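Visitor: Spelled out from the first residue to the last, the chains are:
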Amino acid sequence: MYRIGEKPYPTKIMHDKLYELIIRGERLDGRGPYQYRPLELKTSIIEKADGSAMVNLGGTKIIAGVKTALGQPYPDTPDQANIVVNAELLPLASSFFEPGPPDEKAIELARVVDRCIRESKMLELDKLVYIPGRSVLVIYIDVYVLDYDGNYFDPSVLASVAALATAKIPLYEVKNGDVVMNPDIRTSLPIRKFPVSVTIGLLGDKILVDPTSLEESAIDTSIVIGWSDEDEMAAIQKNLQGFVQMSVMEEIIRVSREKSIELRTKLMEAIGRVGAPL
Amino acid sequence: MYRIGEKPYPTKIMHDKLYELIIRGERLDGRGPYQYRPLELKTSIIEKADGSAMVNLGGTKIIAGVKTALGQPYPDTPDQANIVVNAELLPLASSFFEPGPPDEKAIELARVVDRCIRESKMLELDKLVYIPGRSVLVIYIDVYVLDYDGNYFDPSVLASVAALATAKIPLYEVKNGDVVMNPDIRTSLPIRKFPVSVTIGLLGDKILVDPTSLEESAIDTSIVIGWSDEDEMAAIQKNLQGFVQMSVMEEIIRVSREKSIELRTKLMEAIGRVGAPL
Amino acid sequence: MYRIGEKPYPTKIMHDKLYELIIRGERLDGRGPYQYRPLELKTSIIEKADGSAMVNLGGTKIIAGVKTALGQPYPDTPDQANIVVNAELLPLASSFFEPGPPDEKAIELARVVDRCIRESKMLELDKLVYIPGRSVLVIYIDVYVLDYDGNYFDPSVLASVAALATAKIPLYEVKNGDVVMNPDIRTSLPIRKFPVSVTIGLLGDKILVDPTSLEESAIDTSIVIGWSDEDEMAAIQKNLQGFVQMSVMEEIIRVSREKSIELRTKLMEAIGRVGAPL
Amino acid sequence: MLEKVEHRLITEDGRRIDGRALDEMRPVRIEAGVLDRSDGSAYIEMGKTKIYAAVYGPKEAHPRHLAQPHKAILNCRYHMAAFSVEGRKAPGMTRREIELSKVIREALESIVILEEFPRSAIDIFIEVIQADAGTRTAGLTAASLALADAGIPILDLCAGIAVGKVEGRIVLDPSEEEDKKGEADMPVAMAPRLGSIVLLQLNGRMTSSEFMEALNLAKKGIGVLYELQRKALGKKFTTFTPIGEE
Amino acid sequence: MLEKVEHRLITEDGRRIDGRALDEMRPVRIEAGVLDRSDGSAYIEMGKTKIYAAVYGPKEAHPRHLAQPHKAILNCRYHMAAFSVEGRKAPGMTRREIELSKVIREALESIVILEEFPRSAIDIFIEVIQADAGTRTAGLTAASLALADAGIPILDLCAGIAVGKVEGRIVLDPSEEEDKKGEADMPVAMAPRLGSIVLLQLNGRMTSSEFMEALNLAKKGIGVLYELQRKALGKKFTTFTPIGEE
Amino acid sequence: MLEKVEHRLITEDGRRIDGRALDEMRPVRIEAGVLDRSDGSAYIEMGKTKIYAAVYGPKEAHPRHLAQPHKAILNCRYHMAAFSVEGRKAPGMTRREIELSKVIREALESIVILEEFPRSAIDIFIEVIQADAGTRTAGLTAASLALADAGIPILDLCAGIAVGKVEGRIVLDPSEEEDKKGEADMPVAMAPRLGSIVLLQLNGRMTSSEFMEALNLAKKGIGVLYELQRKALGKKFTTFTPIGEE
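Protein chains in written order, with the working numbering: chain H, 25 to 302; chain U, 25 to 302; chain X, 25 to 302; chain P, 290 to 535; chain A, 290 to 535; chain Z, 290 to 535.
Calculated from the structure, these hints are not laboratory results. Possibly wrong hints are sitting among the right ones.
As the list claims (entries may be wrong) - The list that follows gives simulated cross-link-like pairs (lysine to aspartate or glutamate, EDC-like), each with its CA atoms no further than 16 Å apart: (1) Z:470 <-> X:100; (2) A:470 <-> U:100; (3) Z:348 <-> H:71; (4) P:391 <-> H:286; (5) Z:337 <-> H:71.
As the list claims (entries may be wrong) - Pair by pair, the computed Cβ-Cβ distance ranges are: (6) X:289 <-> Z:306: 55 to 63 Å; (7) H:208 <-> Z:306: 52 to 60 Å; (8) X:156 <-> Z:379: 24 to 32 Å.
Unchecked claim - Here are some of the chain Z residues that sit facing chain X, going by a computed Cβ distance under 10 Å: (9) 312; (10) 354; (11) 409.
Note that the structure is predicted; figures quoted are calculated from it, not measured. For every residue, glycine included, the Cβ atom is placed at its ideal position computed from N, Cα and C.
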């Protein structure tokens, strides 16, 4: 699988070293191939946001905040609330990130987070419509990468979903044709699913879950799979150059499904939804 | 006329060579001084546009599309429809074009096309007003240069005029003070004139019509003249550095008028308006 | 106070030279430490603006124009007119200024001018509200630096205040719930204060007022102080790298107050308000 | 006040509303060498989707600091004409166009032998003049052909197509209506001779087994496109052979 | 409900509403050397149109890759102050300002002997502080003077003026009202000693013969401006002579 | 129709509405070394204001033409998260953020010994994740700590705090409500050991004597922050000493 000369020399050495390890089921940081780094998830850390969460996944630190406002629906979805996802790879987080407007990596991250939330039907968007075609809830999700040691997809989805799941939004009511905010009551967002994503790196036909940034620089390619629940995927994004062999696809799906269940369990614990019926 | 040292050396050689040819009435590609390259014009190639046309003029390929929408008139023309012309020199078309927002050349192209259409009074803009001061038709004309071998002005005007002349726009009606689209009927734009532009290159006091990109790099200067009809000009744009001798202006006007009649005949044929009274 | 190596070599020489002079109470252009350069102020030079002024302070030339329009108030100030200040360091004015959107220096200048006007309560903004929360006057102040020989703050404030103080704006009236312009009458802006700013350069613990651009390149740091009137400051901006010793702050305030009185007198003369009760 | 009647996208006899079978793609037209100025170019039509692609390079990378000492850099711009869609797309690159430019570039980086041209750049421009579903995969198919047309050494051609899930059924090459109203849309691109996936995205819900069914259906469609690419190229370079194939 | 009464722009005795004859230009004021920091500068007033121009250079071209081995590059920015027009122009360059910067630069490139300064750049900045018709030609007239004031070698000064067609008559130096309500506006600039046109645009309709009449009228006005330019310059460099003129 | 009742911000016994004394600052938390990737970092909380700062460098300055032959350049970006404020701040740098980046950078340039690293660059990033008054001074305090954490030689740490005038009284570390409704807000930062002010701004009205009172109160608060900075640093480098201090 390895193509000579494709990577600059030091990367080639790292690639070979990682490959040698992985065929023995090992990784540089001592993890097994399918093992996530330690995960910490804290919610409600930004009092001025409707919802917020910070996730530490190994050395990757991500914060997500949710704000809501009244707005007009998009013309093609007059009876649905709007979701707007913005992600920024802060220059604080890595010497590889530059200040400035979101680049293609940040835009891809935002759009993958958006897809996991939107396509999983996580939110009951039709319940957040106040006057169809005219007034709906606009849900802003802002994701910032604060410290970056590989795999920003999975903790960004976790932080966004946790922020949404714990958000307390104003209660809006229609009075005499106007939408007014009830200042006394805050309410939860109507939630159906708890999507999570699993990022898988490939070294030839070998799988390694949750790559660090060192691993990312040396692997052949990578694929992110978003799961709505135990049985359905909602989003996929192959996201580096390189090949995925047709022959490993089934294994990728199988592993990602298994890990998604594990991540969702941790998510539910962190947001206090353990055992809660959905 | 020729100024030593003005052009880099290879350009100077090309300039001299072209000048030697033109004084014998010849050009590199075998054309006469006043001869256009072969012209092809196809309309209605983009089903999703209200009107569209593709023009091949020698090795220059241009596509124009017309879209319409309801909008507010400009404050100083409350009783006229709006025209918005945008042009892009796609990086696909030439190694001299860069990706990114329209640069000064693209903006100039858009504004010359706009001037030919607007100043010729081609469209009866006052007939596309639904509620004066509040609701008028907005006509978007988007011009893309797909392949560039010199002279993007003339085929851009041709493609834009052909797209407008063959456009089928929705029928709007005012009902109870609202403007509503009649979904069953599509109608033509009200057209008065068929403007065309003629681009003329100058080598000293010698005229050469429709320069190629090789010729453009070596000529002294260039001038674009838009004709509303056989008798009236609507737009002029001198558009490269360099001098136009006062003494050749009359000949430039004469030749451009003659060529404009020839181009308009081809345009009318291509859009099926041969013999149609205007 | 002077730190070795901090400035490039020629700047260090200039710094030392200026310091030697200033301890003798002298400056390169013959001025005393607390002396402003010659000041000229002309108003009403742009007929198309509601108010305008040009200020020459030594070799620094600044023009400010005031335009007004109807607009919506900001949500947090529903019963106040809006002030919008824009400043541009035109590339015309100095080889140090680049074309393009306002950079950090231009933005700082605009915001310091804004602060002097806003925080001094110069304008009675509550008197320019036509329909609270919906329709107020928007006052645009555009400042352009045309020629730059140091200290753009003070003449920018002077030009802006003079343009506001001499502006003739349309009279707006509320008729049947609409705000309409009375085309026959123009009126003055309601004015409470005449703020001025004083820019002070520091060479160690030595003060020099109104630095030239040569001085600016060599001084240790600089501080701009805006005075609402004889007794109250409205704005301060330390605006270069470098230290201000705590021990000189009182002297800075004292000198700036004294100079502000002098500048305000010149301003009042120039706008014909001498002796006018406020 | 009328009740919303759900449009039936698939008839009882397993036909789609445009008459196609579930595993049938729209009419395709692929041509190479359609633009003169570029070093390589291609044109593709899939139904009403119409796309030009052009390649410039290898050429000097600039700005210089972007040049890579061991290989060429590949730039890719996927762009839609303002009139290519319903309504009018505002000029300028949308976030969607920026994302698609990235995934298409990454797909093409997999097949181009970048190490042959250290310090240089290869530019790929994809211009969608009409968008009617499947533009990213059709654009990639055209771009891959344009690279070959430019004579740039590649490991293999690659081609792409979308598969969808519509009313519970897996369909090949969804139409715009199927894409919008269906449950899932999955663009896939492969380098067929290498048995490798170079682009893979999913928008919408699928189970594991549906995914595998969809992936295999995509593979079938890609095989057809691959043959059309080779034919289009054959007209120009009758001797073209992907590297390593004899 | 009132009937629109057409404003008569030209009276029966051939006068314009501001009292000028058809071939009469507005009061002009031209000065050189008005800004200290720049290498050369000028100020022009034509009626209420008020414009500064400044020149910096020749200086090192940067970024370096823009430098030309055989000549200087010339940059030009025509910009209007926000308060220069009716209403308020938003800050930032409009499409109109970008186009005019280009045509003015091309006009000036014709007269500057760029070959004298290989690898360098000359920057020209035109700042319209009040716009009341004829700004591009007045701006060019000031810029040409600023170039001479900067001591940059030029083949000739150039000057420009607009001519218009108003109620069927050709007029010199149209006012803003004539420009808006008239049938045509034609900015022209020439290098008079060389008998050459360096800028020419037309907005609006004219026949061939009207065009030639307008062009000749422009030439007349340009002659007047040229003399004013030379006088303005004379105050500074009494010995200034365009190259080749003895 | 209700009469507006003025909120009393200071009670009769000289307490503020959040219970603080006039010269009392909000609870503060300062930590160093909180982000792994950067060369130095810090975190600060002052009340609900929460800010990260990170330092990268010294490293090669690029683009190259920005490099200074005699010293390092210092870049600083003060940025607020979209969710950090009431409402939602639009992404992208506002004019306010650009100005604050400048004044914070200038403050830090005063303390960093830039001459030690000719031709290089030091980047400072300040990310406000919650803004509840005093962000520029808290951000500067964190950035100064991050510089020390990165081992970059500095003349002294610097720390900042705002002082305000509220209902005629000078208060330390105004809350957001005091900032909005009060008469003046004055951010101050000092390098305490050097007795020098590195940042000073005033928004609002103060007399000379009020100003001096406010400045002295700021100095007091800064002293407290300075000790907290040194403690935070001590946990990492117990031997840290500002240059020249023995």
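Visitor: Next, verify each hint and record whether it holds.
Guide: To see whether the hints hold, each was checked on the structure:
| no. | hint | verdict |
| --- | --- | --- |
| 1 | Z:470 <-> X:100 | holds, 12 Å |
| 2 | A:470 <-> U:100 | holds, 12 Å |
| 3 | Z:348 <-> H:71 | violated, 37 Å |
| 4 | P:391 <-> H:286 | violated, 30 Å |
| 5 | Z:337 <-> H:71 | holds, 8 Å |
| 6 | X:289 <-> Z:306: 55 to 63 Å | violated, 43 Å |
| 7 | H:208 <-> Z:306: 52 to 60 Å | violated, 21 Å |
| 8 | X:156 <-> Z:379: 24 to 32 Å | holds, 26 Å |
| 9 | 312 | violated, 18 Å |
| 10 | 354 | violated, 13 Å |
| 11 | 409 | violated, 15 Å |
In summary, the structure is inconsistent with hints 3, 4, 6, 7, 9, 10, 11 from the numbered list given earlier, while agreeing with the others.
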